[in-house]
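Participant: Chains as they are written, first to last, in numbering that gives the first Met the number 0: chain A, 0 to 322; chain B, 0 to 322; chain C, 0 to 322; chain D, 0 to 322; chain E, 0 to 322; chain F, 0 to 322.
No lab work stands behind these hints, which were simulated from the structure alone.
Treat the hints with care, as some may be off.
The list makes no distinction among identical chains, and a pair is therefore deemed to hold if it is satisfied within one copy or across any two copies.
As the list claims (entries may be wrong) - Straight-line Cα separation of at most 35 Å, DSBU-like style, residue types lysine-lysine; simulated pairs: (1) K321 / K67; (2) K198 / K231; (3) K205 / K67; (4) K198 / K67; (5) K279 / K205; (6) K210 / K67.
There are 6 protein chains.
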Amino acid sequence: MADNWLREPNWSWNDSLEPSGYVHDWVQRINEVESVPECILYGAPLSKSSISVSGASLYPEVFRRLWKQFAAYNFEEEIDLTSYSVADAGDILMHTTDVAESHRRIEIAAYALNQTFPKSTLCMIGGDHSTTACAIRGLKRSQPNQTIGILQLDTHLDVRDPAEYGPANGTPIRQLIEGGVVRGEHIVNIGLHGYYNTKQLVEYAKRHQIKTYSMKETRKIGVSRLIEQELKRLSSETDLVYVTVDMDVLDISFAPGVPAATPGGMRTEELFEGLLSIGKSPAVKHIDFVCLDPSRDSRIEETCRIGVHAWLQFMTGRIMNKG
Amino acid sequence: MADNWLREPNWSWNDSLEPSGYVHDWVQRINEVESVPECILYGAPLSKSSISVSGASLYPEVFRRLWKQFAAYNFEEEIDLTSYSVADAGDILMHTTDVAESHRRIEIAAYALNQTFPKSTLCMIGGDHSTTACAIRGLKRSQPNQTIGILQLDTHLDVRDPAEYGPANGTPIRQLIEGGVVRGEHIVNIGLHGYYNTKQLVEYAKRHQIKTYSMKETRKIGVSRLIEQELKRLSSETDLVYVTVDMDVLDISFAPGVPAATPGGMRTEELFEGLLSIGKSPAVKHIDFVCLDPSRDSRIEETCRIGVHAWLQFMTGRIMNKG
Amino acid sequence: MADNWLREPNWSWNDSLEPSGYVHDWVQRINEVESVPECILYGAPLSKSSISVSGASLYPEVFRRLWKQFAAYNFEEEIDLTSYSVADAGDILMHTTDVAESHRRIEIAAYALNQTFPKSTLCMIGGDHSTTACAIRGLKRSQPNQTIGILQLDTHLDVRDPAEYGPANGTPIRQLIEGGVVRGEHIVNIGLHGYYNTKQLVEYAKRHQIKTYSMKETRKIGVSRLIEQELKRLSSETDLVYVTVDMDVLDISFAPGVPAATPGGMRTEELFEGLLSIGKSPAVKHIDFVCLDPSRDSRIEETCRIGVHAWLQFMTGRIMNKG
Amino acid sequence: MADNWLREPNWSWNDSLEPSGYVHDWVQRINEVESVPECILYGAPLSKSSISVSGASLYPEVFRRLWKQFAAYNFEEEIDLTSYSVADAGDILMHTTDVAESHRRIEIAAYALNQTFPKSTLCMIGGDHSTTACAIRGLKRSQPNQTIGILQLDTHLDVRDPAEYGPANGTPIRQLIEGGVVRGEHIVNIGLHGYYNTKQLVEYAKRHQIKTYSMKETRKIGVSRLIEQELKRLSSETDLVYVTVDMDVLDISFAPGVPAATPGGMRTEELFEGLLSIGKSPAVKHIDFVCLDPSRDSRIEETCRIGVHAWLQFMTGRIMNKG
Amino acid sequence: MADNWLREPNWSWNDSLEPSGYVHDWVQRINEVESVPECILYGAPLSKSSISVSGASLYPEVFRRLWKQFAAYNFEEEIDLTSYSVADAGDILMHTTDVAESHRRIEIAAYALNQTFPKSTLCMIGGDHSTTACAIRGLKRSQPNQTIGILQLDTHLDVRDPAEYGPANGTPIRQLIEGGVVRGEHIVNIGLHGYYNTKQLVEYAKRHQIKTYSMKETRKIGVSRLIEQELKRLSSETDLVYVTVDMDVLDISFAPGVPAATPGGMRTEELFEGLLSIGKSPAVKHIDFVCLDPSRDSRIEETCRIGVHAWLQFMTGRIMNKG
Amino acid sequence: MADNWLREPNWSWNDSLEPSGYVHDWVQRINEVESVPECILYGAPLSKSSISVSGASLYPEVFRRLWKQFAAYNFEEEIDLTSYSVADAGDILMHTTDVAESHRRIEIAAYALNQTFPKSTLCMIGGDHSTTACAIRGLKRSQPNQTIGILQLDTHLDVRDPAEYGPANGTPIRQLIEGGVVRGEHIVNIGLHGYYNTKQLVEYAKRHQIKTYSMKETRKIGVSRLIEQELKRLSSETDLVYVTVDMDVLDISFAPGVPAATPGGMRTEELFEGLLSIGKSPAVKHIDFVCLDPSRDSRIEETCRIGVHAWLQFMTGRIMNKG
């Protein structure tokens, strides 16, 4: 008699009684997919590599909890997301105290996913920015003959010296350059601004020909237009582009929940437009979203919601590219 | 001797010792007005009809407390608000557990106020968005021969199925269409964006010819210009326009204090400009402001302050229309 | 190769990689149990019946999320909880706007669970205090010949007049008395204190011979000793005792996350001891925990953690009773 | 038709539709009383005299807002508060920038109230602790021949040097001693503890024979018993006792909303018992409650609620003394 | 052996082990400079003069703590700040209870610093806005023959009547006009908007020919362009311009940590551009930043970070002017 | 002229203008002491070894900032702390990403400090609980012939398996037992309670004869009395006792700012009494305080204040032992 009302406990991945049409109805578990998914999500819940205290390791779980509140339909572009196949490979298990081991596992996971699903777009949910170096190394190992370009949206250059910090979240770009994985001139960083990079680091970037655009320049050109222009250039010089979105590129008034929030940053509107362009680009192969720290977020989980929205913009772009 | 310093306790409506010139000096209690007021405020403190947990029932009281901090003078337009007469009719008493009864009372209140003060602009302070359907039904019953148009500023379509939810805050537009109160083609919704309406609901809206503008389109045209254009159109097709402002139309970074805050929404600056245009329009007869939840607001009561400011913009527009 | 590290996404009820021994390893889904469980949990996520704004409907979900952080072992009593069988029947689906219908479903659920599992202890996770009246009515309907006694831990009498409020959270005890379900002299309320019940309500309680103990008297006797004494008395006068724990019985400094938190209340230590005594008593058949509101809790979810701990104390008592 | 539901806006002192029996129904405005009230409340909203930043000036307003949630009935003592007459004289208007002038007004207000209502108990709602010196000076000026004793509940001695700070919140006791208003040996301070008074200040207190009891000694004797014993002694040596309750005497876990919250302090339960004893004592003539800062309180207004409860305990004691 | 790791406790001004290049490495203590510094910082930690409760007195200390997280390099303009010499003169000691004395000390400090370092730009870190009147009076006394112009960025006119409030934070501009220190027509106020100045105050400003620009007008022209235009005009009519930045000019969504935060204000991006223009102008001699209240800021210290960034923009402008 | 008021910026360790008598006036920098200090403080700012996200690395800095608000005088015991000499050796520099290296440095630091100052009590300020194993190993290496006993105040056994977690904060006791540094029977753990240790870990503790006392047993005996009894026993079986205070032993209502806060824990009053007993005991040689996480603390820094108070209780005990 009470059958319709006694809901099962909230244990299951697609547990909602909402009418269908939400993100959790659409994304599949990787062990349940029947064909090769166009996009594979995987979490890298590591933030012990962060220079300052960070709870970014908590983000992958929050990301999946919040997506239940997002419809699988983009109103502005009139895009039905369910026409694109996405599988969730789950989180990489991190070691509690051995950061190098955790980094190694991320690298191997990226390698293995790319080996198994060479055609799929890999989308890593961080974690702090050190994870990006691991993912790119794994992809490079999987496809050693391919030249990788990087499009980075960030407030920071992330070229601190690993000799001093170890493989910390301030060092991934330098790790990749010095490890011979990516060449400086194949790296574009958009969103730098203000007083958040020392002169010494700026000089390093110049020396290695990293292409940088300040927020001021970026706004003059337009975020999307600049991204399109740079992706075009990178696609002519490299075999594939990896995009890394450090959410601290956003202004502190939009994104309080990142460990290094600063004033003077990007607006969400600009980021969302940029991610459409990124998704649309055939040159872009893989992406990550890093440095969202739920423990620093406001009570309404503002920054983490932006994180889900941002990822959906990339998905929308992918479909527009297909169509 | 101590007469000047011993202030009476803070029990009274116009209790401030501030120099005059503030909103609470200007708005009158409805039982004290001597002529028909140009605008009548009334509160509908109901949010039990909300799909998610909502404290929007607390807003009318906070609205009246905060207005003591607002001058009755618009600096930008050089408008003295006191040249316009506003009366506060107080709050409708809600039933503690019977939502249908509460809805009935709102409907009767709107009916009764319109019957008694047919020339006055009614301004309802919600409460959640279910209250809008009640208010419009009451007005329709009062003036059955008048065709009503709706201008809605909202992140959501609010066309969920009442058969499934009852008369909840996700359903008012569908209630009005299916109840024959307002026709779909007389409804304009501005501010929709992102991933907050399922495909199924978008299709319902299309089927019923609700006119929708995404934030992206809206920004291309300009919020005020679009509102003016649509009000013009509506005024040629209907007898009067009812405006409903769901404050969740605002971006989450401006308005955390709404139950369904999302990224990608309207900026306050845009909303404020739009409300000037709305106030100026002779076609607009009544208005409501819904879904502000003081219990979700930040410690500085940011969203509720925006709510007062928004209402004052509408008032400023009214005067500009008169003058 | 990466098999051990690529964890599946966090979708599953027993999804932890923690070494076994935690609560979520122990509690089973009701459709997976192989024999009649000794205790059945079910959630009643309703708080629209609350006089003040309440998010207590959110508690059942938070309760199940937090229990992953609790070991299934009581250190102080050296009790292994896994020797007791508990099944989770999930949540009752509430109607969005029809409170009476939601109440009816709770009543039917309690009836149906008791019909199906007449030997099991039912443990309802609220929801606000109005749900208690429903559960007890359901049990009474299931076993109409049994006389029910109530042991209530509460700051309030909950005897407001349903004629005025409807079946709100301030009325359950009066509903049960006036509905002839439970007699006033079979009700014991422990924890009343301070200035949180009007004279008129106290007089109602006296008139109906509800037995009340103020916190002051309770402390003089000792919470556990008083509970044991009163359960003994009730067991001699009734067939079974239903215990209802309104978490607002706790002092505001311990339990901020209840809608009506007050100073002068019970300490957690006292509540926990009392729940051991309650669990141990053969007279006690069913229990509920109500009025925990996660949206009012502190950032560290203090009150909800106390809620899980409190329930585990009752479980510990059950086992001590068995053993 | 809608008459019963259209409530007037919330402008009025007795604006609640709650069934009667709450504090705001009982306390009268001073200009409406018909006979001499037994107790007169007045607010001293000054905290610019505080050494650290303080918003204690906001407390009188919050105090009157929160009392609407308190019944005028003490459950534990079965006391109906309405048998005692209380009038609210409102707040003393403070000067915005001239602290000395504000202090002068408080002194004159206390003088004037005592001249007009010599039999009434004056109850001052602070404000910071500097206001106590003013109130006592005003009373002394009104009754110059009466010897005043002080019972102080406080974490601090408040004997810093006014020559260094001016008449700040750390100095009131020293002001009164050095101004010849009260003698050191007629001052008792209960609740001192930990590391919150320098050796130099302790030595000053000893030199002036202020009687001090640490929390540790106090607990050994029992708060109420110690208070009763000391009030007895003071009543034999002075004509009247003024009680000053600095709410920072409470432990930081109970009372976060005071500018100088410390661990190791009094529990609310102890304070509440002590205030019953104080209220019951015929020796006690006047009282104040100071240093509650709503802007530092938790979101649930925990400390301010304790403030209302504490005052009601004093009221309860007054009635027990009468009866 | 452990020498390299055992860091000294964090007691020292340049205590960081970060690689050099941060603000605290660059700013010198005034008693350690070897030549006349181009800019001198001094703190005026006074906010007892504020009409509403304010903790702006806490800002100078937070300002110096946060600057350790800012690089001494402006990325957008490619400016190395260390090419400009800045000395920190510390904070002016405020009197605890005598606001007039505190004001006198600020005035004398500004006088003395200008007498000792007549060529240096003085940069005052408030405190509330009353401190501006003191600083300008001190400078005028030091250089009585120089005509001073004021460029004010503010949401308020600050022309309330000192006869009513004393020298409060709402009065500094009126103090200066009525004290004959600055003439009304030499004052420009940019950023006024909304409903935050009464008609009466606007009329005062008009009567004294204060030049005002609403946010709406300002945006039409462009913040930087308007500032440049007005500085040009002021430089032709006065000998030097004093800039006062009341941080409440910013929109509440950017700057919650000011006592009078309002919607409709300036964006940080606009303020930052404006401060570049201000820094670049040779007409500008001195500056202050007032009304940042760390106790009202969000947990991530958003507003105070904006305060440091804003000051660095002015510094960047200074260097661009030199170069 | 302005000399007295222009305070130097707040850069210095003893920078306060407060009258002397506070903690920061008393504690000396280690490179400034003239004789061997009786106690040496050192910070171990490491929390990357924590199983859950922890910001305990931030505590040493907050500890030193807050002590400026504590007088160097214990009111209850009438003890002047300045009669005891304390030096601050600063913080050990942690590696950003290499936890093992950070652990090695802590071990060496403890070794080196003990070698240099063999008579001094070492007081380590953590950091998470993994640091305790390092400190004790360092001391053991310094004095290999001494048998060490451990008195642990904790909610957890901390005997998880390092083979699984590495040297994490859940493992230090097991590390020490399995490393042969301390024998199980020389370890006493007081404060265990509730559901925070799995059966498996309890069995490990029993197997290794760790002596454990639940909060319930502890309260029956009395915290201080139990501590005295166990220290007496340990002193007869070992050469010296190391005390480790995991602040999560406190109840969640007192100490929200610890990563694993639980209900059912110790009261501050009990901890403070216990630390007096610990300080008084000649058997106790060294101590640490771990697991205070400022980033989880409430806005008023409640838990960190308790941390300073707790340390001062130990200091008071030391002096009582001497005297």
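Participant: Could you work out which of the previously given hints the structure breaks and list their numbers from low to high?
Facilitator: none
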